[in-house]
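Peer 1: As a plain string of letters, each chain reads:
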Amino acid sequence: MAEAPLLELRGITKRFPGVLANDNVNFDLGSGEVHALLGENGAGKSTLMNILYGLYTPDEGEILLRGKPIELGSTRAAIEHGIGMVHQHFMLIPVMTVAENIVLATEPRHAGVLLDYDAARKRVRELSERYGLLVDPDARVDRISVGQQQRVEILKALYRGAEILILDEPTAVLTPQESKELFEILESLRSQGKSIIFISHKLNEVLEVADRITTLRRGVVVDTIPAAGATEESLARMMVGREVLLRVEKKAGHPGEPLLQVEDLNVIDDRGLEMVRGVSFEVRGGEILGLAGVDANGQSELIDAIAGLRPVQSGRIVVDGHDLTHAKAKEALDTGIGHIPEDRHRRGLVLPFTLTENLALHAYRQPPNSKRGFLNLSAMTARARKLLKEFDVRGGTPTTPAGALSGGNQQKVVLAREIDGDPKVLIAAQPTRGLDVGAIEFVHGRLLEQRDAGRAIFLVSLELEEILSLSDRILVIYEGQIAGEFPPTATEEELGLAMTGGRRRGEEAA
Amino acid sequence: MSDDEKRASDDVELAKSQDDVEQAPLEPGAVPPPSIHFASRFDGLSGIIAPLITTLLAFLMGGLVVALTGKNPLKVYHAIFNGTGLNWFFHVGNYSARIPFSTQHMWFPWDTASVAAQNLQQTLLQTTPIILTGLAVAFAFRCGLFNIGGQGQYFAGTIFAVWLGSSFLNMSPWLHVPLVLVVGALAGAVWAGIAGILKATVGAHEVISTIMLNWTAIWVAEYLLGQGGPMQGSQPSIPISHDIAEGAKLPVIWGLKLLQGLSIGIFIAIAMLVVYWIIINRTTLGFEVRSVGFNPEAARYSGISVARSYFIAMAISGSFAGLAGALDITGWEYHLGQSDIPVNAIGFIGLAAALLGRNTALGVGMASLLFGALINGTSGRQLDPSIFRPDLAGNLTTIIQGLVILFVGLNLGGVWIWLKRRRRA
Numbered sequence: 000m001a002e003a004p005l006l007e008l009r010g011i012t013k014r015f016p017g018v019l020a021n022d023n024v025n026f027d028l029g030s031g032e033v034h035a036l037l038g039e040n041g042a043g044k045s046t047l048m049n050i051l052y053g054l055y056t057p058d059e060g061e062i063l064l065r066g067k068p069i070e071l072g073s074t075r076a077a078i079e080h081g082i083g084m085v086h087q088h089f090m091l092i093p094v095m096t097v098a099e100n101i102v103l104a105t106e107p108r109h110a111g112v113l114l115d116y117d118a119a120r121k122r123v124r125e126l127s128e129r130y131g132l133l134v135d136p137d138a139r140v141d142r143i144s145v146g147q148q149q150r151v152e153i154l155k156a157l158y159r160g161a162e163i164l165i166l167d168e169p170t171a172v173l174t175p176q177e178s179k180e181l182f183e184i185l186e187s188l189r190s191q192g193k194s195i196i197f198i199s200h201k202l203n204e205v206l207e208v209a210d211r212i213t214t215l216r217r218g219v220v221v222d223t224i225p226a227a228g229a230t231e232e233s234l235a236r237m238m239v240g241r242e243v244l245l246r247v248e249k250k251a252g253h254p255g256e257p258l259l260q261v262e263d264l265n266v267i268d269d270r271g272l273e274m275v276r277g278v279s280f281e282v283r284g285g286e287i288l289g290l291a292g293v294d295a296n297g298q299s300e301l302i303d304a305i306a307g308l309r310p311v312q313s314g315r316i317v318v319d320g321h322d323l324t325h326a327k328a329k330e331a332l333d334t335g336i337g338h339i340p341e342d343r344h345r346r347g348l349v350l351p352f353t354l355t356e357n358l359a360l361h362a363y364r365q366p367p368n369s370k371r372g373f374l375n376l377s378a379m380t381a382r383a384r385k386l387l388k389e390f391d392v393r394g395g396t397p398t399t400p401a402g403a404l405s406g407g408n409q410q411k412v413v414l415a416r417e418i419d420g421d422p423k424v425l426i427a428a429q430p431t432r433g434l435d436v437g438a439i440e441f442v443h444g445r446l447l448e449q450r451d452a453g454r455a456i457f458l459v460s461l462e463l464e465e466i467l468s469l470s471d472r473i474l475v476i477y478e479g480q481i482a483g484e485f486p487p488t489a490t491e492e493e494l495g496l497a498m499t500g501g502r503r504r505g506e507e508a509a
Numbered sequence: 000m001s002d003d004e005k006r007a008s009d010d011v012e013l014a015k016s017q018d019d020v021e022q023a024p025l026e027p028g029a030v031p032p033p034s035i036h037f038a039s040r041f042d043g044l045s046g047i048i049a050p051l052i053t054t055l056l057a058f059l060m061g062g063l064v065v066a067l068t069g070k071n072p073l074k075v076y077h078a079i080f081n082g083t084g085l086n087w088f089f090h091v092g093n094y095s096a097r098i099p100f101s102t103q104h105m106w107f108p109w110d111t112a113s114v115a116a117q118n119l120q121q122t123l124l125q126t127t128p129i130i131l132t133g134l135a136v137a138f139a140f141r142c143g144l145f146n147i148g149g150q151g152q153y154f155a156g157t158i159f160a161v162w163l164g165s166s167f168l169n170m171s172p173w174l175h176v177p178l179v180l181v182v183g184a185l186a187g188a189v190w191a192g193i194a195g196i197l198k199a200t201v202g203a204h205e206v207i208s209t210i211m212l213n214w215t216a217i218w219v220a221e222y223l224l225g226q227g228g229p230m231q232g233s234q235p236s237i238p239i240s241h242d243i244a245e246g247a248k249l250p251v252i253w254g255l256k257l258l259q260g261l262s263i264g265i266f267i268a269i270a271m272l273v274v275y276w277i278i279i280n281r282t283t284l285g286f287e288v289r290s291v292g293f294n295p296e297a298a299r300y301s302g303i304s305v306a307r308s309y310f311i312a313m314a315i316s317g318s319f320a321g322l323a324g325a326l327d328i329t330g331w332e333y334h335l336g337q338s339d340i341p342v343n344a345i346g347f348i349g350l351a352a353a354l355l356g357r358n359t360a361l362g363v364g365m366a367s368l369l370f371g372a373l374i375n376g377t378s379g380r381q382l383d384p385s386i387f388r389p390d391l392a393g394n395l396t397t398i399i400q401g402l403v404i405l406f407v408g409l410n411l412g413g414v415w416i417w418l419k420r421r422r423r424a
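Here the protein sequences line up with chains A and B, keeping their order.
Per numbering that gives the first Met the number 0, residue 0 is the first one in the first sequence, and the count goes up by one each step.
Per numbering that gives the first Met the number 0, residue 0 is the first one in the second sequence, and the count goes up by one each step.
Honestly, the hints are just simulated from the structure, not real lab data.
All figures in this text were calculated on a predicted structure; none of them were measured in a lab.
Beta carbons are placed, not taken as given, at the ideal position from N, Cα and C, and that holds for glycine.
Just to be clear, a hint being listed does not mean it is correct.
Some, not all, of what chain B presents toward chain A, calculated at C-beta under 10 Å [as the list claims (entries may be wrong)]:
no. : residue
1   : ILE277
2   : LEU284
3   : ILE303
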C-alpha cells in the first residue's frame, strides 16, 4: 500500500486528571475497510473515537485525512470532513418520525423556513434503498425497534455525507438476529466504498466483520493485525494481557434435591398481557438450568414472579419446600432466593450508595449489621471489606460510591452480595451483560463454583454461548411457553430454531 | 499492626489495585464531557462550596437591588447584620449571666442584656421553626419525595397546640408542655401522612396533594379562628384565640418572657437536627428511606416496601413541621390570630433552608440560621429606617430567598431527583 490511508491518527495522547486515556496511539483506516477497535471497558476506545469525532481535542498527536492534517475542534468539523458516529446510546428525538430525525439540522425546506417533508422522505427512501437499510420514513422513532433506531442513526450519518462511520459498541443493544442484519448492512456499506470503524469488546463479532483489528489496552495500542488468521484466544490474550479461559472448563454436576419448583405458572406484565403461560420446571441443587430465548419472550416476568417482584396469576412456586407463590420480595430473599438482576443499574445497585451500603442492601436487617433498628456501621464496613477482597472488586474501597466502579466490578459487587446471602436458589439473569472477557470469566467461574457448592442455579441469558457452556440442562422459552428441553450438547441451530418458534425437539420436521 | 492500621492499609491496597484495571471514569459511554468534569469538582467539595457560592451570589444580586434604590449596599448589609444580633458575639468583655432555672449568676464573656443580645434572641426565635420546617422538607427529600406541605403541617401543629394549650388550665407544666408538643407533632404527621397514604396507595403525586392540603389547613384555620369560629377567644369582635395556659408555655431562658425572650425551643430544634441525622444515617429506617429515595426499584428488589417507606417518610416529615408550629405557640406566640394565617410563610422558608442546606442536618441548621437572621435583621423593629426602609428590606429578604432557591435549583440534586422521577413516570 503505497498511497496514504484514508484516515490516519498519529501519536494521539489524551490525559484526564489522573488518567492517561490514550498514550501515543497510532491508528489508520483504509478506504472501503472495516477496522475494528477492540479493548476492555475503559481501555480508551471511546476516548479515541471521541477525539476523532471532535468531542475531545488530543493533548498530542495529529489526525490526517487523505494524507493532509486536519483540525477537529467540534463535531460539526468532523461531519464536514465526512466522519459520522453512531453512539451506543442513540441521539434521536423519540416523538419525531424517522425522516424528520434523519434530516434534522440540515433539512430540505420550502421558502427557507418550512420543512419540505416530501423531499425529506424521498431522500431518506433513496438512501435506505441504496444501502439496504430498510426503515419506514414515516414511522415515529419511539414506535420502532432498537435495531431499526440504529439504522436511523446510520442513515443520519450517511445523510450528512459520512464517508467514515464510527460505530460505538453497536451490537450491545441488539438481539442476535438484529446483529446479523447489522453485519449484512456493514458489508453492503463497505462494498459501496464506505469505511467503518467498529468498536467492540466482543471477540466473535470482531472476527466476523473486520478486515483488520487494533487492540487497545490501558490506552496503549497492543497491536494491529489482520482479522484473517486471528483467533478468539489470541485476541483475548492481547486484550486482557494474559491467558483467558474462553471456554468454561466444567466438570459434570451432581444434581441433588429439587430446590426450585415452578408448576404451571401464569404471569401477566404491566400492560396486562399474559407473558408467562403455563410454565413448569424444576432446578435441583448442584445444577445449572439455562433458560434460552429471544428477549421479551417472558423471561423477565418469570424471574420477577419467582423473586416476589410480580404477582402470580396462577400456578405454584416452591423453594426448598416453602410455597412462595404469593410471597413478596423480602420473603423470597429470606427463604433463600438470590437474584442477580438483569439490569444492575436499575435494580441491582443504588449507584449513589457506597459499596458498603450496596453490599448490605439485603443484609442490613440482620445482626450484626443492625440491632434494634440501629445500623452497626463498623460491622457493615468490615463485611464489605471482606467481600470486596473475596470477590476481587477493584477500583473501590468500602466508601466508594457504586456508580464510580466499572461495569465488571459493579457486577462483582452484586454477585458478592447475592452469594453472601447464602441462597438455596440463585437466579442469574444476564449475568455477564456488557462485561468484558476478563469479567465474564470471573462471573462464570463463580457461578460454577456455586453450583458445585450445591446451590440451584437458574441462568437466564440471551447469549446462547453462555447458556451452552454453563448449563447442565437447557430450556427454551418462546412466547411465554417452554418450547423444549435440551442437553448442553445441543447445537446453537437447534436452540435457535426453538427460540424462534420452530419445531420442538422430537417433533417431525415440517 | 493494630486493627485500624491494618484496615487502613487494606484500603490503600484496594485503592492501589485500581492501576491493574480500567479506570472507572473511562467506561465507554460514561466518559464525562469536560463540562461535567468541572461540575463534579464543584460537587465534590463535600457540598459546602456550592451553597456558599449560591448564598454569596444571592447577596451580591440583592446588593445590586439595594444600589438601584440609591442606597449603599454595604451600609445596608451592615445595618441588617447588626439587626440580627449576630454582632453580639464580637463584643467580648467581662460580664455575668444568670444560670438558667436558678437565681445564681456566673461569669460570662458576653453581655446577656445588651441590645445585640435582645436582637440575637429574636433571630434564634425565628430560626427555631425554620430548622424544623427545613427538616420536614429534607426528610421527605431523602425518600425522593417533595414535601411542599410544610406550611399546612405547621398550621396543623399550631392549631392543636393552641387548642390543647388553652385547655387543661391547671395541668402541671411537666405534663402540659410535652403533651402540647407531642400532639402538635402528631397533627403535622397526620396531615402529611394523608399525602403519604395517597402516594403509597394510588400514586397521587405528593407535590399536588401537599399543596392542596396546605390550602385546606389554611382555610380550616381561618374558619376556626374567624368571627364566631369555634376557637375564637373571649373578645367577640377580635378573631384571635385564647391564650394558652401558663403551664403550657415553654420556659424562657434568655431575656424576659414579656419582651419575647428566647425559650428552650431552639434547643429542641437543635436536638431534632441530631435526631434527624441519627435516623437518616444510623438506623435501618433511614437506610430504607435513602434507598427508596435514590432508587425505588432497587429498594423494592431488596425487599423494602416502597409504599410503606413513602408513608413513614411523609409522616416523620410532617411531624417535624407540626412540632415547629407547636414550638412557636408554646415558645412566644401563646395564641393564634386569624390575621396571622395568611402572612405566615415559615413552611416555604423551610423549603429554602432544606434546598440550601442540601438536606443534611448541619446544612439545614446553618441555612435556617441564615434565613432566621435575615428575616429578623430586615424586620421593621430591627432596621434603622434612615439607612434602609424596613418594608423594602423585608422584600430584600424575599429576593435573597428567591435567588437562593433559583440558584440551588441550578445544581442541586433535589430538583434533579424530582425531575428524574418525573421522567421515569
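Peer 1: Would you list, in rising numerical order, the hints stated earlier that this structure does not obey?
Peer 2: Hints that this structure does not satisfy do not exist here, as all of them hold.
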